[in-house]
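Engineer: The chain contents come next:
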Amino acid sequence: MIEFQNVTKIYPNQNRAALENVDLTVNKGEFVFLVGPSGSGKSSFLRLILREERPNDGQILVAGNDLARLTNWKVPALRRKIGCVFQDFPLLPNKTVEQNVAFALEVIGKPRRFIRRVVPEVLDLVGLEGKHERMPDELSGGEQQRVAMARAFVNRPMILLADEPTGNIDPATSIGIMKVLDRINRTGTTVVMATHDAAIVDSMRKRVIELEYGKVVRDQNRGVYGQNYQ
Amino acid sequence: MRSNFVFSEIWIGLRRNLTMTVALIVVVAISLSLLGTGLLFVKQVDSTRTYWQSKVEISVYLCYQDSPNPSCHGAATPAQTAALEAQLNSMTADVVSVQYVTSAEAYALFKEAFSNDTAYVSSVKQSDIPPSLEVKLRDPAADYGVVSSAMTGASGVDSVIDEETILEKFYRLLDGMRNAVIIVALILVVAAILLVANTIRLSAFNRRRETGIMRLVGASNFYIQLPFLLEGVIAGLLGWVLAAVLLVGVKSLLLNNLQQYFSYNVGLSTGDLVEVIALAMIVGILLCGVTSFLTLRRYLRV
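Which chain is which? The protein sequence lines are A and B, in order. Quick note on numbering: our numbering labels position 202 of the first sequence as 203, and the sequence is numbered without any gaps. Quick note on numbering: our numbering labels position 242 of the second sequence as 300, and the sequence is numbered without any gaps.
Honestly, I wouldn't trust all of these hints.
Claimed, not checked - Heads up, incomplete: computed chain B residues facing chain A, CB under 8 Å, no partners named: (1) F63; (2) E268; (3) G276; (4) S278; (5) Y281.
Unchecked claim - Label pairs and their computed distance ranges (CB to CB): (6) A:G65 to B:G270: 51 to 57 Å; (7) A:R135 to B:L352: 37 to 43 Å; (8) A:K96 to B:V348: 40 to 46 Å; (9) A:E139 to B:N264: 19 to 25 Å; (10) B:L244 to A:H197: 57 to 63 Å; (11) A:N7 to B:G270: 29 to 35 Å; (12) B:G270 to A:T9: 24 to 30 Å; (13) B:L337 to A:R114: 50 to 56 Å; (14) B:L311 to A:R117: 54 to 60 Å.
To be verified - Only pairs whose alpha carbons sit at most 20 Å apart, straight line, appear in this in silico SDA-like list of lysine to any residue: (15) A:K82 to B:F280; (16) A:K111 to B:I68; (17) A:K96 to B:V64; (18) A:K180 to A:S141; (19) B:K194 to B:T223; (20) A:K216 to A:E21; (21) A:K96 to B:F280; (22) A:K96 to A:N66; (23) A:K111 to B:A177; (24) A:K132 to A:P121; (25) A:K111 to B:G270; (26) A:K96 to A:R117; (27) A:K111 to B:K194; (28) A:K96 to B:K194.
It is worth saying that the hints were derived from the structure and are not from the lab. Each residue gets a CB set at the ideal place from its N, CA and C atoms; glycine is no exception.
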């Protein structure tokens, strides 16, 4: 599903590469944790998958598409297959929970009938039944994150990318969030999650890819967060 | 592509920047109406020029009963008139034709020409209108001098009027006004372009959260840009409607008043006005559309 072949990414005006010779494959339906300290390249990795950035070297294949060959106007089609839960794409404050999730479908031209049917389903999936009409500022951090996940998942993407979804969330609530992600993964969606949260990684025992200074230093199935970071 | 969605986004966008949108509409309205006025002036001048090309070039007014000219001693006699006519006809190098117009004929023509100004007409009696010899010249510029000196002071001649000279002054006045109007219009067009760019830029900035999500979620670039483009075009169209109203005002108040300076009808038709208004619309749409498009390319990351 996702293939990185000797990918290197160097941002302009930077001495060190953000990613260096990253070579790995993520198969369909896998759940992958991307761990590493700040600046190790986790966010760059995710952005390259989305084609927000282009690599300086190497090849990237996502869902069978060679990203280098993808013309600009085909990129939206790619992105519809990828759901994102990112910190810098928060909920729209003037829309209700339901409208926020519906927005993601409206902008890609889905018909109203479809939206009316699908949005409540996905809100139930993330555990927000009964909160459809709330505004984002009436929700707790954990609930807001669930809405973000609902929004990312509502179009049934093939891949779900999450960048620190439990970033500001307390440990107890984090468990609830991870349960949702697990549920999503069980429907067949490939999940790649970048995180600092050692407890979560240790408890779920999924594949762990560890990045350090842009290089992959560990790629372990059923891995833990790491001995170095207690 | 759902039109409901696009329209609701456009409406939200316009309302959010209401003050800027209004400013944009006003500037577009003024610049288009000034451009249109300039064009109307051009058409007006052309229409008068065309009309006069084929008309009389020199009028030799003959002495009449109440002539104020001291060298006239009462109305020109038939003998004097015949002599003058013969003299003109002999100047074949300069004169194409000569036509004698009696007072009565002249008065009738006068009433017809100024039919829309009954006050003026009623203040002038037939005895105030002199008979004339209408002379068509071969080469207006060169021949005027020759014919004029031949006729001025000749017995029975009250005055020699070269309509071309009068008109020339008038054309220059209109040309001057036209140039002034067009320069101001162009300055305003530049202002309009800058305002459109700024409004779109502000709009894009205000909606960056929504557009960010749209991009992430995989909305097509066209779908993302469309509401902004249409915002610009719609504001431009509203400005054009205002401009159209103003142009109708310019034509009916300003240009139709010019009529009083002319003996004959040189007014612009409604067709001319419609043409100018249509042209203004095209300019307005192009201006707003292209500027919006270029601004979006720069400030909306897609």
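Engineer: Decide, hint by hint, whether the structure agrees.
Structural biologist: Consistency of the hints with the structure:
Evaluation of the F63 (chain B) hint against chain A yields a held restraint, the C-beta minimum of about 5 Å falling below 8 Å. A hinted interface residue such as E268 (chain B) counts as satisfied when its beta carbon comes closer than 8 Å to some beta carbon of chain A; here the least separation is about 6 Å, so the hint holds. Annotation: interface hint on G276 (chain B) holds; nearest CB of chain A at approximately 3 Å, less than 8 Å. Hint on S278 (chain B) holds. Least Cβ distance to chain A is approximately 5 Å, under the 8 Å limit.
Residue-level restraint check for Y281 (chain B) holds (minimum Cβ-Cβ distance to chain A is 7 Å; threshold 8 Å). For G65 (chain A) and G270 (chain B), the hinted distance range of 51 to 57 Å is not satisfied, since their beta carbons lie about 27 Å from each other. Checking the proposed 37 to 43 Å range against R135 (chain A) and L352 (chain B) shows it holds: the Cβ atoms sit about 41 Å from each other. Separated by about 33 Å at the C-beta atoms, K96 (chain A) and V348 (chain B) break the suggested range of 40 to 46 Å.
Evaluation of the 19 to 25 Å hint for E139 (chain A) and N264 (chain B) yields a pass: the beta carbon distance comes to about 23 Å. Separation of L244 (chain B) from H197 (chain A) is about 59 Å and conforms to the stated range, judged on CB atoms against 57 to 63 Å. In this structure the hint that N7 (chain A) and G270 (chain B) lie 29 to 35 Å apart at CB holds, the actual value being about 31 Å. About 27 Å separates the C-beta atoms of G270 (chain B) and T9 (chain A), a value consistent with the hinted range of 24 to 30 Å.
Between L337 (chain B) and R114 (chain A) the beta carbon distance is about 45 Å. The supplied range of 50 to 56 Å is therefore violated. Remark: the range hint 54 to 60 Å for L311 (chain B) to R117 (chain A) is upheld by a beta-carbon distance near 56 Å. Distance check on the hinted pair: K82 (chain A) and F280 (chain B) sit about 19 Å apart at the alpha-carbon level, within 20 Å; holds. Taken as a hint, the K111 (chain A) and I68 (chain B) pair is honoured in the structure, with Cα atoms around 19 Å apart against an allowance of 20 Å.
Taken as a hint, the K96 (chain A) and V64 (chain B) pair is honoured in the structure, with Cα atoms around 17 Å apart against an allowance of 20 Å. With a C-alpha separation of about 17 Å, the suggested pair K180 (chain A) and S141 (chain A) falls inside the 20 Å cut-off, and the hint holds. At roughly 15 Å between alpha-carbon atoms, K194 (chain B) and T223 (chain B) fall within 20 Å of each other, so this suggested pair holds. For the proposed pair K216 (chain A) and E21 (chain A), the alpha carbon gap of about 5 Å is at most 20 Å, so the pair holds.
As the CA atoms of K96 (chain A) and F280 (chain B) are separated by approximately 23 Å, the hinted pair breaks the 20 Å bound. Restraint check for K96 (chain A) and N66 (chain A): not satisfied, since their Cα atoms lie roughly 34 Å apart, outside the 20 Å limit. Restraint check for K111 (chain A) and A177 (chain B): not satisfied, since their Cα atoms lie roughly 70 Å apart, outside the 20 Å limit. In summary, the hint linking K132 (chain A) to P121 (chain A) is supported, as the alpha carbons are separated by about 10 Å, within the 20 Å threshold.
For a cut-off of 20 Å, the pair hint linking K111 (chain A) to G270 (chain B) stands: about 19 Å separates their Cα positions. Straight-line distance between C-alpha atoms of K96 (chain A) and R117 (chain A) comes to about 16 Å, which keeps the hinted pair within the 20 Å bound. For the given pair, K111 (chain A) sits about 76 Å from K194 (chain B) by alpha-carbon distance, which is inconsistent with the 20 Å threshold. Proposed proximity of K96 (chain A) and K194 (chain B) is contradicted: the alpha carbons are some 80 Å apart, above 20 Å.
Violated hints, listed in ascending order, are 6, 8, 13, 21, 22, 23, 27, 28; each of the other numbered hints is respected by the structure.
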